[in-house]
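Keeping their order, the protein sequence lines are chains L and S.
Counting from 1, one number per residue, gives the positions in the first sequence under the working numbering.
Counting from 1, one number per residue, gives the positions in the second sequence under the working numbering.
Because the hints were derived from the structure by calculation, they are not lab data.
A virtual CB, placed ideally from N, CA and C, is assigned to each residue, including glycine.
It is possible that part of the hints are untrue.
Each computed DMTMM-like pair below joins lysine to aspartate or glutamate, with the alpha-carbon atoms no more than 25 Å apart [unchecked claim]: (1) L:Lys198 x S:Glu87; (2) L:Lys198 x S:Glu249; (3) L:Lys198 x S:Asp122; (4) S:Lys197 x L:Glu195; (5) S:Lys67 x L:Asp182.
Distance windows between CB atoms, simulated [claimed, not checked]: (6) S:Ser126 x L:Val75: 55 to 61 Å; (7) L:Ala27 x S:Glu201: 40 to 46 Å; (8) L:Pro73 x S:Gly155: 39 to 45 Å; (9) L:Thr141 x S:Ala84: 54 to 60 Å; (10) S:Pro221 x L:Arg31: 29 to 35 Å; (11) L:Asn13 x S:Gly262: 22 to 28 Å; (12) L:Lys54 x S:Lys80: 56 to 62 Å; (13) S:Pro227 x L:His154: 50 to 56 Å.
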Amino acid sequence: MSDLSQSFGHALNLLLRFDSNLWEIVALSFRVSLSAVMIATVLGLPIAAALAIKNFPGHGAVRILVDTLMAMPPVVIGLVVYLLLSRAGPLGIFGLLYTPSAMIIAQSLLITPIIVALGLQVFVPLWAKFGDQFRLFNTTTRQNLFTLVHEGRHQLLTVWLAGFGRAIAEIGAVMMVGGNIDHYTRVMTTAIALETSKGNLEMAMALGLVLMLMALAINILAHSFSRLQQSPN
Amino acid sequence: MKYIITLLSIFCLNATSYAAGPLALGTTTTLRDSGLLEHLQADFYATHGIAIRSVVLSSGQVFNAAKRGDIDIALTHAPKAEQAFIESGMGLARTPVFYNHFLLVGPKNSGLKLNDKASLSDALQSLHEQRLPFISRDDGSGTQAFEQKLLSQLGIEPSGEHYIKSGRGMGPTLQLASQLQAYTLCDWATWQAYQAKLSLELIVSTPQAKQNQYSLVTVNPNTSAHPPQASAELFYTWLTGPAGQAAIETFQVNGQQLFHAGMAKSEN
Numbered sequence: 001m002s003d004l005s006q007s008f009g010h011a012l013n014l015l016l017r018f019d020s021n022l023w024e025i026v027a028l029s030f031r032v033s034l035s036a037v038m039i040a041t042v043l044g045l046p047i048a049a050a051l052a053i054k055n056f057p058g059h060g061a062v063r064i065l066v067d068t069l070m071a072m073p074p075v076v077i078g079l080v081v082y083l084l085l086s087r088a089g090p091l092g093i094f095g096l097l098y099t100p101s102a103m104i105i106a107q108s109l110l111i112t113p114i115i116v117a118l119g120l121q122v123f124v125p126l127w128a129k130f131g132d133q134f135r136l137f138n139t140t141t142r143q144n145l146f147t148l149v150h151e152g153r154h155q156l157l158t159v160w161l162a163g164f165g166r167a168i169a170e171i172g173a174v175m176m177v178g179g180n181i182d183h184y185t186r187v188m189t190t191a192i193a194l195e196t197s198k199g200n201l202e203m204a205m206a207l208g209l210v211l212m213l214m215a216l217a218i219n220i221l222a223h224s225f226s227r228l229q230q231s232p233n
Numbered sequence: 001m002k003y004i005i006t007l008l009s010i011f012c013l014n015a016t017s018y019a020a021g022p023l024a025l026g027t028t029t030t031l032r033d034s035g036l037l038e039h040l041q042a043d044f045y046a047t048h049g050i051a052i053r054s055v056v057l058s059s060g061q062v063f064n065a066a067k068r069g070d071i072d073i074a075l076t077h078a079p080k081a082e083q084a085f086i087e088s089g090m091g092l093a094r095t096p097v098f099y100n101h102f103l104l105v106g107p108k109n110s111g112l113k114l115n116d117k118a119s120l121s122d123a124l125q126s127l128h129e130q131r132l133p134f135i136s137r138d139d140g141s142g143t144q145a146f147e148q149k150l151l152s153q154l155g156i157e158p159s160g161e162h163y164i165k166s167g168r169g170m171g172p173t174l175q176l177a178s179q180l181q182a183y184t185l186c187d188w189a190t191w192q193a194y195q196a197k198l199s200l201e202l203i204v205s206t207p208q209a210k211q212n213q214y215s216l217v218t219v220n221p222n223t224s225a226h227p228p229q230a231s232a233e234l235f236y237t238w239l240t241g242p243a244g245q246a247a248i249e250t251f252q253v254n255g256q257q258l259f260h261a262g263m264a265k266s267e268n
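Whole structure, please, built from the sequences with the hints as guidance.
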């Protein structure tokens, strides 16, 4: 118990002193995971909407594929991205392995299926509700997409948070494609693993607490934002 | 179209130019965990203004990454793997740059009875005969290669419950040994960095044996998937020259010198 309370004190101390090493790691974690969740949203929501709106051959197969990809372990994604981005791989000329960009690519691939699958859950009931009206007014696909996203924005916030949570808590992929390089590709999870392996359990726990506090802050922000928007209704 | 631009712009916000970026050094956990890596990086930066990005892997993984063109130069302690890398044509030159020695560590009040002049080899043999718990790294590291060399010289093929494979780096393996009260081979530098946090003690230490040789291995630009940065040569010249060698000699932790510059004469 004393270990835990000591770590908590240590964590607060590090945060309040604005320890530059710690903030650098926190900032990179956010940069990588926020970028990944943005890319995954831009990629994933149209796919989810298309799956909700259109019935095409292979529709069921695509849904099964998306659900399966949701279960893909981060290390496997990491391995695939590693092989793609390595100098000997097909995208090797860009020299992206062991860079923050590689970490963003890996995390985007990791959470796009989550955004698609959860986004689908939001869009299907909305389409059931508005589908007839869309057909009646003969709206374009793009108008449909914007209407669906607008109507589902509160639930989509939860989808987005789920994706972000998955990305920022993930270690397998970023460790493999980022390499945990000091001052360059070290994020919170890889730093926690490193400090634990060095036996600096207090520091590791402090980093873990920072991660939790940050997650708490984001959720409070997101929920109060969502409530603010809902209140006039 | 707008869609693609959005995607690209998110990506470009994060991209910087890597064309003539810092030097990618492939190296091992023992050098990071002892603090030497940071010391060398800072010294090299102060002299040449070139940043080093160290990718820390086991020695086996380092050469794999070098083959794929993902690192510019390797600093490892696995002579056999280093020689194989050079013989395959992928590596250009191997220069021994510094050394220390291996130790056997184990539980306090160890049940292992050894005479004062026992070597690591003798100790491993006794451990095996008494079937005492021993943790092998089993991660393709230089330390594991050394263990395999001793065992094959002894003609021992270990198996059974007392032979535990951790599959992890030196630090985590030491912690595992401490928790399980088992024996393991360790290098002098990592032991110095970790011993205060462990309930283990030194069983056999033979500094005069100087078995743990670290070497700098350059990558052949003609056979690699990507030619190494020009700064790799600069790092090579620096670390093998007087300034780099002095940086190694002067590196201390808690008043203890962890590495000795140059080549151990006993290297084989």
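List of violated hint numbers, smallest to largest:
When the structure is compared with the hints, numbers 1, 3, 6 and 11 turn out to be violated.
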